[in-house]
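Note that the protein sequences, when read in sequence, are chains S and C. Take the first sequence: its position 30, counted from the start at 1, is 16 in my numbering, and no numbers get skipped. Counting from 1 along the second sequence, just add 177 to a position and that's the residue number in my numbering.
To be clear, the hints were calculated from the coordinates, so they are not data collected in a lab. Every residue, glycine too, gets a C-beta built ideally from N, C-alpha and C. Please note: incorrect hints may appear among the correct ones.
[What the hints assert, rightly or not] Computed, partial: chain S to chain C, Cβ under 8 Å:
1) Gly108
2) Pro126
3) Ala135
4) Ile190
[Claimed, not checked] Cross-link-like lysine to any residue pairs, in silico, SDA-like; alpha carbons within 20 Å at most:
5) S:Lys105 with C:Arg518
6) C:Lys398 with C:Pro383
7) C:Lys624 with S:Asp247
Residues per chain, in single letters:
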Amino acid sequence: MASGIRDKVVILGMGCARFGERWDCGPDDLMLEAFEEATRDAGIERDQLEAAWLGVFYDEQSVSKSALSLAMTLRLPQIPVSRVENLCATGTEALRGAAYAVASGACDIALAMGVEKLKDTGFGGLPERTKGTFEDLWQPGFTPPGAFAQLGAAYAAKHGIAIDELRRAMAHVSVKSHANALHAPKAHLRKAITSDQVLSAPMIAYPLGVLDCCGVSDGAACAIVTTPEMAKSLGRRDAVAIKAMQLVASNGYELSHADWDGAHTPTTRRAATRAYAEAGVKDPSREVSLMEVHDCFSITELVLMEDLGFSAEGRAPTDILDGRYDRDGRNPCQTDGGLKCFGHPVGASGLRMVYEVYNQLLGRAGERQLPSPSLGLTHNLGGIPNRNIASVSLFGLKTL
Amino acid sequence: MSGIQSWGVCIPRLRLSRKTIGAAMGWVNPSLKTARGERSICNWDEDSLTMAVEAARCALPSRAARDSVSTVMLASTTLPFADRSNSTVLASALSLDDSALTLDVTGSQRSATAALAQALSSSGRGHTLVAAADRRLARPGSDQESSYGHGGAAIVVGADEGVAELIAQHHRAADFVDHHRLTDSPFDYSLEERWVREAGWQTLVPDTLQALLTNAQIASKDIAHLVIDAPPALARKIASLAGISENALVDNLAAQCGQTGVGHPLLMLASALERAKAGELVLLVGFGQGVDALLFRATAKIGSHKPSRSVVEALGDRREETEYTRFLSHCGLLPVEFGMRAERDSRTAQTVAWRRHEDIYAFTGGRCTQCGTVQFPRARVCVAPACRQAGEQEPIPLAEKTARIKTFTEDWLAFSPRPPLVYGNVAFAVGGNAFIEFADFAPSEAKVNDEVRFVFRLKDIDRTRGFRRYFWKAAPMNSAAVGS
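Turn these sequences into a full structure, and let the hints guide you.
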C-alpha cells in the first residue's frame, strides 16, 4: 500500500498576481508578478529551481500549448518544464507534478505555476471551444453556467425543496464570498452585495442569475515546493506541508449511467474520502479550519458542502443560511472570496486556493485572518457535472 | 393491385397567426390585415428533412414496418442539400436496412404525387416509403408568406392492396408556369392568380380527371373524397367541371396550417383516409407543370387502421409564435445580432460522423452484453461500476424510446437561434442517461420528471462551409392542444 505524499513536501514560497480584468497585462506579466513574489517569499534564486510545471487551460488564448512560455518568460535555467492541463483542476495539477517530483526525490526544489489570460476574447464569460470531434455531434452547445445549473433543478427535485428556497441559500453563498473579498486586496470583485440583488439579477442559466456566477479573470499564481529537509537547511522552522493530494476523473458514469441523480458530484466524494484518509482526517467538519472550494457557481458550492462531507445530505441550504460557512462560522469557506470574487483564471485557480490556505496557516491573511487555523482544504471541479476532474488537497503546518 | 399501407404526417408545433403577419406587414399589403387563421412554421431547427423524418416515423411506427421498406423516396422543393442524398439521411434516421434504394424527388409541386404514382406502379421488392415535406420561404408582405405553411407527410405503399387500393392513375405533363423558382433563388415568383386559375387549374385538372374516370369506367358521382390542394372556390369549380360533388372536397387545411408545399396533397390525403369508409373512392390530385391523378378505393382494412398520430392530433399540437421578427429570423430573413458566441465554428469532422453515424443519425446506444446496462454513447467498456465488461456492445435504438427529465437548464448565455438554449439530462425508460439538447420547449415549460420523446432536428448550422448537422433532441410528449 502506497503511503502517499503526506508531509513529504512543504511549500517554500508562494506568489499570486492581482486577479481581475488585467487589460494592461499579458500572460508573461502575470506569471512574473506571481513568480517574483514567490521567489522573494522562498528566499531562493531562479537558478535553484530544478524542475517546473506550467498549468494553463485555454492554450488557444495566447499562453500557448507547450511549457515554453513559462521557461522563456521566467528565463528558467535550462531545466525540465512541463505543461499540464486538466480543465479547472489545472493549477492543482501543476502543483501535483511539482510535489510528486519532490516527494519522489527526483529533485529538491520545484516550481508550479498556473496562469490564464482570459480577457482577450472580446466577450464576457469563458471562451467558446470545441468539445471534441465526436462530442460536438451530439452534446448540447452548453456553457459552463448552463452545465452547472443542471445541479440546481436536480438538487431541488431530489430533496423536495422549492427552487425559490434553494435560490435563497445559493444567494447567501454569493453574499458571503463578496463580503470576504472586501478584505482580499488581490481579488477581482471587491464589492458587498445583498441577497435581494442576487435574486433579482438577470437570469443566465436557470436557476443561476448573473450574481450566482464567478468572475472571469486574468491571473497567475505559483508555488515553490521542496522537501522538509531542504526547507530546514534553508533556515525554516515551520512550514506549510502538503497533507494530501487526491484527484479523481469521471469515468463516464455521470454522462451515461441512469443512476446518477444529477444532484451531487461522485468524483468529489471519492477524492475527499481518499484525501481525508491520506491526511489522517477523521472528521473534516471538526479538523478542517478553512476551505477553498470550486465555487464556479453558487449551486456548485452548495452541493460541494455535502460532497466534501461537511453538511449532511439535503442540509446544505440550511447550513449555508445558518452561516456555517461564513468567515466567522464553524467551517469558513472562501475566506478570500473564492472563484466567485477573487476570480477564476482557470489555470491559476487551484494554486490561488493554495495561496489563501498557505497565508492563513502562516497567519499572513491580514484583515481576513482566521484565529489559529491548522488545516486547510482546497478543492477543484474541472469540467462540468456530467464529466469532470475533482481534486481535494489538504495542507497543514509542520514543524521542521 | 398495389395500395397504401399506412401514412403519417408532420406539422411543426409552431403556428403564426395571420393577424400577426397582417399587423407587421399590412402596411405594404393591406389584404394581409383581413387574412384569418394561422399557418404552421418551422422552429429554427426544423427543415424539410426533419419534417420528413417525423412524418415517416409516424407512418412506420414499428420495427417490423421499417424492415418491410426497401425503397425510400423523399419529395421536396426545399431539400437542405442540393448534392448529398437527403433521402439517405432520412433512411439513416429511420434506421432502415442499408440495402434500401433511396432517391430524392424534386423540381415541382407535383413531386410527391409523382413519386407516389411511381411507387405504386413499380412492382417493388418490398414497401416504398414516399415522404414529402417543404419549408418554403416567402418574401415578407407577400401573399405567400400568409398562405404558405410548413409541413410534411409520408405514405407507405406496397404490392398489397393495404388500406387503400390504387384503382387507376392518369397523368398530364404541361409546362404551365404558374410560379417558378431558380435553384439559387430563395423565393417563388408567382404569376397572376386569375390566369393561373382559369388557364391552368380549371383547364388542365378537369380534363385529366375526366380521362382517368373514363379509362377506369368510374362515374364521377361515385367519388367520395376529392383531394385537391386548391383554395375552396377553385376546388369547387374544378369539382363541378369534373362532375364531382362539392361534398367530396377534402378541407385544404388553409385555416389551420396553410399550404405546406409538396407534401400538402399527401397531408390532405391522410386527412381523407382518416375519414374514409371501406369501399369509398378517394381521388388524389397533384398540380404543378401538369397534373397527377390517382384514384384509390378504401379497403376493409381502413376502419381498423389507426395512424400513430392523426392529422387532427397534429393540428391540435400547437403553440402560437407571437414574435413575427423571430419567425423572420428563423427564415434567415432578419440578420439578428446573436453576439460573438454565435461565431463559434461548427465544423463537422465527417470522418467521425461517418464512423459514428449509427450513434448520431439513428440515435443508437449500446447495451452491455454482460450486465444489460444501456448507455449512450455506445462504449467499448461498460459504464456500470460493477461490470466494466469490454468488447462490442449490442446496439440499442433509442430514438423511439421515452425518457424522463432528470435535470435541465434554460441557458441565456449559450448561442441559440431561439434563446434560451434548453438542455439537460434525461434518463431513458430502458436505462441510460443522455446529456442532450431539448426541442420545442418554451421557457418555463420543462419540469424535472416530465416524460419526453425524441425528435430528429438540426443541431448546428455551419455557415462557413455550408453544412447542417443533425441529431436527436428531447421534446415534450404532448400531442394535445397547448396554449401559448
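Under 8 Å, Cβ to Cβ, is where Gly108 of chain S needs to be relative to chain C, so tell me if that hint holds or is violated.
-> holds, 6 Å
Minimum Cβ distance from Pro126 of chain S to chain C below 8 Å?
-> With a closest approach of 4 Å, the Pro126 of chain S hint holds.
Taken at face value, is the distance from the CA of Asp247 of chain S to the CA of Lys624 of chain C at most 20 Å?
-> The given pair, whose Cα atoms are some 15 Å apart, holds under the 20 Å limit.
Holds or violated: Lys398 of chain C to Pro383 of chain C, with C-alpha atoms at most 20 Å apart = Distance ~14 Å between Lys398 of chain C and Pro383 of chain C Cα, so the pair holds.
Pair hint Lys105 of chain S and Arg518 of chain C, alpha-carbon separation not exceeding 20 Å = At roughly 15 Å apart (the allowed maximum being 20 Å), Arg518 of chain C and Lys105 of chain S satisfy the hint.
Have a go at the Ile190 of chain S hint: is there a Cβ in chain C nearer than 8 Å to its own Cβ?
-> Since chain C brings a Cβ to about 5 Å from Ile190 of chain S, closer than 8 Å, the hint holds.
Does the nearest C-beta of chain C fall within a distance shorter than 8 Å of the C-beta of Ala135 of chain S?
-> holds, 4 Å
In terms of the numbered hints stated before, the structure departs from none.
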